[in-house]
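K.L.:
Residue strings, one per chain:
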Amino acid sequence: MDVEKGLNMTVFWIVHLIMLGVWALMMLYFLSVWLKSRVPGVGMRASRWRKLGAAIGYVLGIIFSRRIWPLLRAFIVEGLFQGRLLRKNLLRWSTHMAVFGSFLVMGVISTLTGVVVEFLPLLGMSAEKVAAIPVLGQLFHADVGWVALVNELLGLVLLAGMILVLYRRYVKRDPQLRTNPIDNVIIFLLTLIAFSGIFTETFRLLADYTTANGVFAPAATMLSPEKLPPSLYPVWGPQWGFVGYALAWLFGLIKADPSVWQVVLNVVFWLHFLIVTALLFYLPFSRFAHVIAGPVIVAYNTMLDGESRRSRKGHGVPRPAA
Amino acid sequence: MSKTRKKVNLANFTLRQMMEMEACTRCGECIAACPTFTEAQSEDIHPLTKIAHIKDYWKAGHLGFLARLFGARTPSEEDLEAFSKGVFRCTLCARCHEVCPVQIDTRALWIAMREQLVDWKIYPDRFNMLRELVTTKHNITGDDNANRLVWTQNMDHVPEGLARKKGAETVYFAGCVGSMFPRVYSVPQSLAQILERVGEDFTTLGGEEWCCGFPLEIAGMGSEVQALARHNVESVRDLGARRLVTTCPSCYHTWAHAYPRILGKPLGFEVLHATELLVDLIGRGKIELHPFGQKVTYHDPCDLGRTSGIYDAPRRILQAIPGIQFAEMADNRELSLCCGGGGDAEMADPELTAAVGKRRITQAQETGAAIVVSACQQCTRTLGEAARKNKIRIKAMDINEVVWQAMQA
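Sequence lines, in order, name chains A and B. Note that the first sequence covers residues 397 to 718 in this note's numbering. Note that the second sequence covers residues 60 to 468 in this note's numbering.
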């Protein structure tokens, strides 16, 4: 069974990396089309390579100058934490941060997990050695207590964010929002990602910790040392992923065979993966391109705004009382 | 509806603008802030739709199979007509930029869209006339440009050396509206008299003053501006002036920001808006102001405030006048409402811009002020017109007129 699960994950990582590669190529193609536009300082008829060179040179010029500090500050305050939105409306900021923030942190954790679980063993490190790396090594298994808790909380925050999105768009019907058919599809898919994530976790717990009699009875020793190195036993705690754990306990009452749960897990897991990948591919063609372009542009434009305000005459003159 | 073969020429946009279009979150903040959408309630007019459409169009034209796969649609002729109407009915007030959470430089983006529409030849017919007048007659009215100083004709006393005095320290650039629209002649007259009273050594370009090119730049016909810029800058240099002052914020913006970019080098002389010069003269005690017992409010011209960042100078001038009561309007400074007179939108839809003006003049009236002061002859004209048409008892005055009156009182 473990061999089968291991193969399943390897297939997943291969497919995942291929898809990410194709996506990266698509983004490069996208960038090459963008470079048909004007790049200041370069003639209109300049080649796209020259424009790219000029754009990279410009970015490096900012990075290796004092402008990097206001840019970084704006990137963090306005780009990642959406300071303007926070000052404007707490509810909308919370909604944005719940969805964007949880996806961002989950993305970072997933990437680190990929490195720990797949990449480091490829370099010849044993599971035990990888797991011994302080903090990072504990990402080796999702049932390490704090890893389970963090993932669970992020999933719930995402779900809460999606509920707020649904409320604002379909219940409250905020008049400044415009919803087109594709928005409905994307919102549905995002909600599905949140739910399918929780159920993927539920069925993984069932597949891993269901005894031959069909009883859900988690124990660290039920997993092979390659999957859960014994050094992680003291921090093992799947119950910290409390929603998935409770659902697994509930489904466990069915007393199905672990192989059944494995099949269900495969279906839900690949469905979850498929939706995430589909959205990733659709991203540059949809409003969700702002996830990538937004933080960059808001940081850059905020930096420019600050510079132009400082250079204006009369800067610092106090505003007269209204 | 027939699909068009028209393809977006991406050279009309900068790389930054390409990214800005992607950065739009479609949050709708701009919809609530857009003064023309507030009046027209037309979906084609607000920023969110304009960005969504142009993105769709360029993707459909440049991304081939991928665009079709992901649903970017090729526009029909009708779509482009509607898009054009939305883009040209915008007053370019840039209020949308102020509220945009990602700080998109919207005004520049709308102008780039207009350039694209001009390429496609889908723009209001009247803009052809504007182009014709400005490029051949060198002003927006089509009058003989030799009559640029017609605004001086009904003055009791015409300051000396107004017509291209060599070696003058300051050149006053009156602009097309100030020079050619009788209703606002008193604006250049006031500034000229103020400058004479304080002993400034100044002149004008007389018949060599050509339209600054702003109306063409914002119409998406920016390629026509280079010749105008070169002529105007050379004319000032010929006189050997140290600085140029304008009463028109659009001229100011063009001289201060567009000309150095268009010509690719600094102008070699200082460019000031009249409010900057006046606040300096008041600060140095060169202007003596007498009591002006009126309650006034101040309207921020879009091209002076949001576009050029000058908010304090006019307020400091007004507050320096003894006896004046000053009240801010509900929407002021960065969030000031547009008067409707900008962006060449009046040429595309005068009814709409009149409605925008009505909202603003009503806001001015709500302050209880007897006078709404602006620092732009176009705003003064538009607000005065709105007050007259809507029978609102408030007078629209330019700040130069107020200062000149306070100097004489």
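I should point out that these hints are in silico values taken from the structure, not numbers from a laboratory. Backbone N, C-alpha and C fix where the C-beta goes; we use that ideal spot for every residue, glycine too. Certain hints may be false.
Unchecked claim - Per label pair, the in silico range of CB-to-CB distance:
(1) 663(A) to 282(B): 26 to 34 Å
(2) 101(B) to 414(A): 45 to 53 Å
(3) 342(B) to 579(A): 48 to 56 Å
(4) 564(A) to 188(B): 41 to 49 Å
K.L.:
Quick check: which numbered hints come out false for this structure?
P.N.:
The structure conflicts with hint 1 only, although it agrees with all the remaining ones.
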